[in-house]
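**Student:** For this one, chain R is given, so just place chain H on it according to the hints.
Chain order of the listed sequences is R and H. Read the first sequence against the working numbering and you will find it ends at 95, with the numbers running on by one and no gaps. Read the second sequence against the working numbering and you will find it ends at 1486, with the numbers running on by one and no gaps.
Source of the hints: derived by calculation from the structure; they are not laboratory data. Don't be surprised by glycine CBs; every beta carbon is placed ideally from N, CA and C. Treat the hints loosely; a few may be bogus.
[Stated by the list, open to error] In silico lysine to any residue, SDA-like type, Cα no more than 20 Å apart, as pairs:
#1 H:K1409 to H:D1447
#2 H:K1375 to R:Y37
#3 R:K6 to R:N36
#4 H:K1375 to R:H54
#5 R:K2 to H:R1356
#6 H:K1145 to H:R1032
#7 H:K1375 to R:D45
#8 H:K1063 to H:E1024
#9 H:K1145 to H:G1480
#10 R:K40 to H:L1365
#11 H:K1413 to R:Y37
#12 R:K2 to H:K1355
#13 H:K1409 to H:G1147
#14 R:K75 to H:R1322
#15 H:K1375 to R:E51
#16 R:K6 to R:A20
#17 H:K1355 to R:E25
#18 R:K40 to H:L1383
[To be verified] Covered stretches of chain R, going by a simulated chain H footprint (3 or more residues, C-beta under 8 Å):
#19 13-22
#20 78-91
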Amino acid sequence: MKITSKEVEHVARLARLDLAADEVERMTGQLDTILNYVAKLDEVDTTGITETTHTRKPGNAFREDAVRPSLPREKALANAPRQNGEAFVVPKIIS
Amino acid sequence: MDIYSLTLGQAKEKLDRGELSSRELTEAVLARIDAVEDRVRAFLHLDPEGALARADEADRLRKEGRAGELLGIPLSLKDVLCTATMPTTCGSRMLENFVPPYDATVVRRLRDAGAVILGKVAMDEFAMGSTSENCAFQTPVNPWKDGYVAGGSSGGSAAAVAADEGFASLGSDTGGSIRQPASLCGIVGMKPTYGRVSRYGLVAFASSLDQVGPLTKDVRDCALMMNVIAGHDHRDSTSIDREVPDYTAALVDGLRGIRVGIPGEYFGDGLDPEVERTVRRGIDMLRDAGAEIVEVSLPHTEYCVAVYYLIAPAEASSNLARYDGVRYGFRDRDAQSLIDMYRSTRSRGFGDEVKRRILIGTYALSAGYYDAYYKKASRVRTLIQEDFTTAFTDCDLVVSPVCPTPSWKIGEKSDDPLALYLSDILTISANLAGIPAISVPCGFSDDGLPIGMQMQAAHFNEEILLRAAHNLEQRAGMLGRRPPLP
Chain R
1 MKITSKEVEH
11 VARLARLDLA
21 ADEVERMTGQ
31 LDTILNYVAK
41 LDEVDTTGIT
51 ETTHTRKPGN
61 AFREDAVRPS
71 LPREKALANA
81 PRQNGEAFVV
91 PKIIS
Chain H
1001 MDIYSLTLGQ
1011 AKEKLDRGEL
1021 SSRELTEAVL
1031 ARIDAVEDRV
1041 RAFLHLDPEG
1051 ALARADEADR
1061 LRKEGRAGEL
1071 LGIPLSLKDV
1081 LCTATMPTTC
1091 GSRMLENFVP
1101 PYDATVVRRL
1111 RDAGAVILGK
1121 VAMDEFAMGS
1131 TSENCAFQTP
1141 VNPWKDGYVA
1151 GGSSGGSAAA
1161 VAADEGFASL
1171 GSDTGGSIRQ
1181 PASLCGIVGM
1191 KPTYGRVSRY
1201 GLVAFASSLD
1211 QVGPLTKDVR
1221 DCALMMNVIA
1231 GHDHRDSTSI
1241 DREVPDYTAA
1251 LVDGLRGIRV
1261 GIPGEYFGDG
1271 LDPEVERTVR
1281 RGIDMLRDAG
1291 AEIVEVSLPH
1301 TEYCVAVYYL
1311 IAPAEASSNL
1321 ARYDGVRYGF
1331 RDRDAQSLID
1341 MYRSTRSRGF
1351 GDEVKRRILI
1361 GTYALSAGYY
1371 DAYYKKASRV
1381 RTLIQEDFTT
1391 AFTDCDLVVS
1401 PVCPTPSWKI
1411 GEKSDDPLAL
1421 YLSDILTISA
1431 NLAGIPAISV
1441 PCGFSDDGLP
1451 IGMQMQAAHF
1461 NEEILLRAAH
1471 NLEQRAGMLG
1481 RRPPLP
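Pulled out of the complex, with its shape left as it was, chain R reads as follows (with noise of 0.2 Å):
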């Protein structure tokens, strides 16, 4: 076994996902047959090779430190399921 139904759990809890105890099972069957085939990587010899995080050339992309316009607040909170119209609304954090 690649993966326990305990590290399943405790990956899930990482994310924020909550999974019901059939998901627990089911999701560590399909993660262990996933992760035993990706094991195939270990054939590779990786000696000395350097990472690709992306394929745009190495560099920043700089721009002016200049006050522009952005988005107003109420378009910014219109979406939210909560809001004051100032601010997200969220359940209270201390109680």
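**Tutor:** Quick look at chain H alone, frame taken from chain R:
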């Protein structure tokens, strides 16, 4: 010939010559959608009033002597592209009622060119899938055969264009999501070079792989769409500032001096014999057009699925962290604490495949596994890129099938995630290497299902793809072939 079955290029000519108005064009397409949509099931959101209003405006502008590359042309958008006037669901319950506050840059470019946006089309949830069955709302059906998949994740785009429900569509391609459905539905689909087309307003799946591109009825239409959508955008820091050519100028007859590379690794086990036969016949057509055919090798091809299904989920797990019920989208309103709200919102808002990929990605990035999985995959990704660099010293384009098989029955592969992942083997490498690739109709299976040919070229060599695709199109006898719809 019915108005709706014109190509985009033909419709544009008729508009330019005053033989048709945009209203007539748009009404014909809306009537077509009305007639076939029950069977095709491509549209998640249709805006007939908005489309007709835009069409009338286009007609008025044209009378005033104004022009636009797509002035008055009706087309559709994959529901992954933000539209300020329409919902953008990404095929997910999570964004069921989301209307973005702005247009994606590509949408803005289409509107500025005068296009008439018909509506938004179905896709796998957050573009994760190869059949569009992961769409939370409906599964588009292949216009060529009832009950068969249109492919994915841009399945709605491909089905709509193949069924003449609009003259083109924009899709997105992270591992083949434009090319594979184009191939399964018998149309043209291009994934441009990473950085060629702005991704601003494209809902992010895997940011180092995602690219927007056109799905069209023929190669000329693909070039026309590229002329409008390509170019630098200061809102997308990965977009590259580089001159945009007139892509239609690339459509020259003949391929003398062009070297076509055939990678043995792409014609291996698991390739359907009908697909192989059809694509090899297509290669003969390229030779007839004057191309020189050479053998090339892409030795790390067998690892690309493994690399992709670590890197793409890793990036997705990070990108999809934003769906927390706070700023937009679904929220479980019954949750009492903030953490409970995050957890129940995400658990109820996301479908199975999205959860699966978030779990894989989170695992691959988690302490203790990062080196073994994410880092290792990123190193093999370098080797896959180097394979292409080497191959492109011996050839100008690499030719292969797009998908190992023609379309299959809806439901047939939906219980086996890995089997479905493996069907992406021929399209994934282009995303990992950031190179452009196109799918062009090449022939049919004995069952009458379309089979596409994939062409891949070096960075920013879209023109050579279009030229080769145009020459294949002239010989393959697929132009004007339409699916058996009412």
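**Student:** Could you run down the list of hints and mark each one as holding or not?
**Tutor:** To see whether the hints hold, each was checked on the structure:
A distance of roughly 12 Å separates the Cα atoms of H:K1409 and H:D1447; the hinted pair therefore holds under the 20 Å criterion. Simply put, H:K1375 and R:Y37 have alpha-carbon atoms about 17 Å apart, close enough for the 20 Å limit, and the pair holds. About 17 Å separates the Cα atoms of R:K6 and R:N36, which keeps this hinted pair within 20 Å; it holds. A hinted pair counts as satisfied when its Cα atoms are at most 20 Å apart, and H:K1375 with R:H54 qualifies at roughly 13 Å.
A distance of roughly 16 Å separates the Cα atoms of R:K2 and H:R1356; the hinted pair therefore holds under the 20 Å criterion. Using a Cα cut-off of 20 Å, the hinted pair H:K1145 and H:R1032 holds, with the two alpha carbons roughly 18 Å apart. For the proposed pair H:K1375 and R:D45, the alpha carbon gap of about 13 Å is at most 20 Å, so the pair holds. This hinted pair checks out: H:K1063 and H:E1024 have alpha carbons roughly 15 Å apart, not beyond 20 Å.
Taking the CA atoms of H:K1145 and H:G1480, the gap is near 17 Å; set against the 20 Å cutoff, the hint holds. A hinted pair counts as satisfied when its Cα atoms are at most 20 Å apart, and R:K40 with H:L1365 qualifies at roughly 18 Å. Of the supplied pair hints, the one linking H:K1413 and R:Y37 holds, its CA atoms being roughly 18 Å apart against a limit of 20 Å. For the suggested pair R:K2 and H:K1355, the alpha carbons sit about 19 Å apart, so the restraint of at most 20 Å is met.
Distance check on the hinted pair: H:K1409 and H:G1147 sit about 6 Å apart at the alpha-carbon level, within 20 Å; holds. Proximity of R:K75 to H:R1322 is assessed by CA-CA distance (about 18 Å); at most 20 Å being required, the pair is judged to hold. At most 20 Å may separate the alpha-carbon atoms for a hinted pair to count; H:K1375 and R:E51 meet this at roughly 7 Å. With a C-alpha separation of about 13 Å, the suggested pair R:K6 and R:A20 falls inside the 20 Å cut-off, and the hint holds.
For the proposed pair H:K1355 and R:E25, the alpha carbon gap of about 14 Å is at most 20 Å, so the pair holds. For the hint pairing R:K40 with H:L1383, the CA-to-CA distance comes to about 15 Å; that is within 20 Å, so the pair holds. Look at the region 13-22 of chain R against chain H: 6 of its residues bring a Cβ nearer than 8 Å to a Cβ of that chain, three or more, so the hint holds. Coverage of the region 78-91 of chain R by chain H holds [criterion: at least 3 residues with CB-CB distance below 8 Å; count 8].
Checked against the numbered hints listed earlier, the structure breaks none of them; every hint is satisfied.
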